[in-house]
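Enquirer: The primary structure of each chain is shown beneath.
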Amino acid sequence: MTTLTFEAPADPILERRRQIQGVAQASLNRRKTYSKIAIGVCWAFLAVAIVPLVGVVAYVVVKGLPAWNADFFTQVTEPEGIPGGGVWNAIVGTAVIGAIATAVAVPIGLLCGLFLAESDGRIAGAIRFTADVMTGVPSITIGIFGYIAIVSHTKQFSGLAGAFAIGIIMLPVIMRAGETAIRGVPFHLNEAALALGARRATVARRVVVPAAMPGIITGVLLAVARGLGETAPLLLTIFGNQYLQWNPTKPMEALPLVIYNNSSQPYADLIQVAWGAALLLMVVVLVLSIGSRVLAAVLQREKR
Amino acid sequence: MIDPTAVPPTAHKGIDLNTAEVLMDRPVGEPVMRLDDVTVSFAGRNAVRGVTFDVHQGEITALIGPSGSGKTTLLRALNRMHDTVRTASVTGSVKLGATDVYAGTTDATLLRSRVGMVFQRPNPFPTMSIYENTVAGLKFNGVRKKALLDEAAESALIAAALWDSARDRLKAHASTLSGGEQQRLCIARALAVEPEVLLMDEPTSALDPIATKRIEELIGELKHRVTIIIVTHNMQQAMRVSDRCAFLLMGEDKAGELIEFGPTAKLFSEPTDPRTLDYVNGRFG
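Protein chains in written order, with our numbering: chain A, 1 to 304; chain B, 305 to 589.
Keep in mind the hints are simulated off the structure, nothing from the lab. Note that CB positions come from ideal geometry on N, CA and C, so glycine has one too. No false leads were mixed into what you were given.
Pair by pair, the computed Cβ-Cβ distance ranges are: (1) A/GLU191 with B/LYS517: 28 to 34 Å; (2) B/PHE588 with A/GLY184: 32 to 38 Å; (3) B/GLY483 with A/GLU191: 19 to 25 Å; (4) B/ARG390 with A/ASN247: 53 to 59 Å; (5) B/GLU455 with A/PRO210: 54 to 60 Å; (6) B/GLY372 with A/VAL298: 24 to 30 Å; (7) B/GLY372 with A/PRO210: 25 to 31 Å; (8) A/ILE50 with B/GLU521: 52 to 58 Å; (9) B/THR410 with A/LEU196: 51 to 57 Å; (10) B/ALA569 with A/PHE45: 55 to 61 Å; (11) A/LEU196 with B/GLU525: 43 to 49 Å; (12) B/MET432 with A/GLY184: 25 to 31 Å; (13) B/ASP557 with A/GLU191: 33 to 39 Å.
Please put together the full structure from these sequences, using the hints given.
Expert: Right, here's the structure in full:
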């Protein structure tokens with residue numbers, strides 16, 4: 001039996017290992033320093049981004065909280081100078097308009113999203129592109145569209161016109177969120193159902209959409225949150241209303257309008273109400289966002 | 305003979321690496337990695353428990369066992385890949401030569417340049433060419449000298465049996481290679497850093513039989529260059545390629561444990577544990 005000896009002085013692999021390890025060691029401190037600098041830069045930029053975000057939230061809370069009392073949530077808006085008064089009319093308006101917009105936009109948006117997810121054709125491409133453009137269109141444009149399409153024909157500012165405009169804002173968001181959620185379902189689940197003899201619609205209804213549900217719900221709630229916060233589309237469609245109005249065919253009040261109108265008034269009590277409304281709107285959006293995440297997490301856990 | 309005490313001029317003070325050890329090749333059969341009571345747990349639950357065995361220089365060590373026996377988990381503990389999982393913790397001791405893998409002074413990046421890894425699915429970097437993929441590890445480790453990069457790339461591609469087909473298209477994207485070629489590129493990429501140990505996690509499970517055969521042949525040739533630890537769920541593969549075998553099985557607490565470790569021939573023909581016998585005879589798993 002031959003004895004293996006390792007006395008070859010120029011074993012190229014050992015020699016290269018020596019060189020490489022030498023460089024790796026020598027550069028380690030430099031690489032660690034770069035790494036620390038890079039992470040430091042990331043933290044610095046994170047701080048830059050976080051400070052204004054936290055600042056906005058904190059400021060709204062500090063300014064808005066004093067406005068919150070029982071009257072604020074139960075009374076309708078009072079003119080300047082008259083103490084008390086609240087935003088009950090705006091809460092009703094936002095709720096009614098939000099509900100109508102959601103009820104219309106969600107089914108349309110989700111079915112479009114399903115179509116987009118299932119189709120890669122030219123039509124789908126065009127729709128997808130349009131939806132992307134729509135999400136970027138300034139919301140005042142949507143307001144003008146709502147005005148021309150509904151208000152100028154009915155000769156009446158109305159909650160319905162506002163719901164129409166808000167629905168248009170929500171639609172592309174729901175579409176793309178739905179598409180993304182549905183596309184996230186692994187294709188082998190499709191195949192498994194198809195191989196059992198399921199038709200395409202059945203596959204979508206019984207397998208794909210249920211699997212995509214957490215993502216869909218998150219997307220829908222985020223779209224609702226987005227829609228409720230819009231001001232410009234409402235300016236030109238619901239007009240505003242100092243009185244309580246449940247009827248969506250009439251002009252209504254909404255929280256963003258309260259903020260917009262009151263904040264430009266020279267009266268301290270009205271500005272106070274605007275801050276309160278801003279805080280309320282922020283809390284609603286926050287609750288919707290957190291709710292969507294919690295709901296998605298719960299659904300995700302139930303699937304296992 | 306390479307002087308084990310010679311320190312390369314580039315070496316820095318205060319670095320954990322035992323330079324002399326890297327320079328010194330160990331005699332074949334000497335322990336290169338020693339696992340002592342290694343336990344890996346995720347969020348407090350053991351995935352593999354109390355594993356002790358030695359990996360020998362110039363040999364191929366196979367980790368076999370059914371799904372859930374912790375083969376891959378154990379393998380990933382050897383080059384600290386669990387560092388990226390926040391809930392993971394590794395106890396016991398893993399030693400690479402004189403280096404304590406989990407010592408606080410051991411730098412994980414330096415360690416991984418000494419303990420390379422090849423994964424289940426070929427994962428060449430999609431934005432890099434074949435050449436760039438091959439030298440990626442060297443560049444990550446700070447190697448800039450073109451001559452050294454070229455030399456290492458050629459040597460690694462030759463060793464991975466990819467040189468003949470790839471030498472004329474080194475600038476082509478790695479995605480132009482077939483699945484088997486991509487996996488050999490990943491092996492070349494790992495070899496180029498000249499690691500002392502190469503971990504392979506079911507490197508053929510995503511490949512067809514012909515590509516598998518070529519990789520297996522390759523593994524046999526590579527053991528003169530690098531000590532290999534390979535996870536496989538294919539017992540024939542373990543029998544064909546490995547010198548020593550570790551058989552793991554899921555225990556009652558769902559944690560994998562080492563049932564038997566020994567020379568492959570013995571483990572497959574006359575194992576000491578009846579469970580090993582059942583497994584290698586295909587009675588379960």
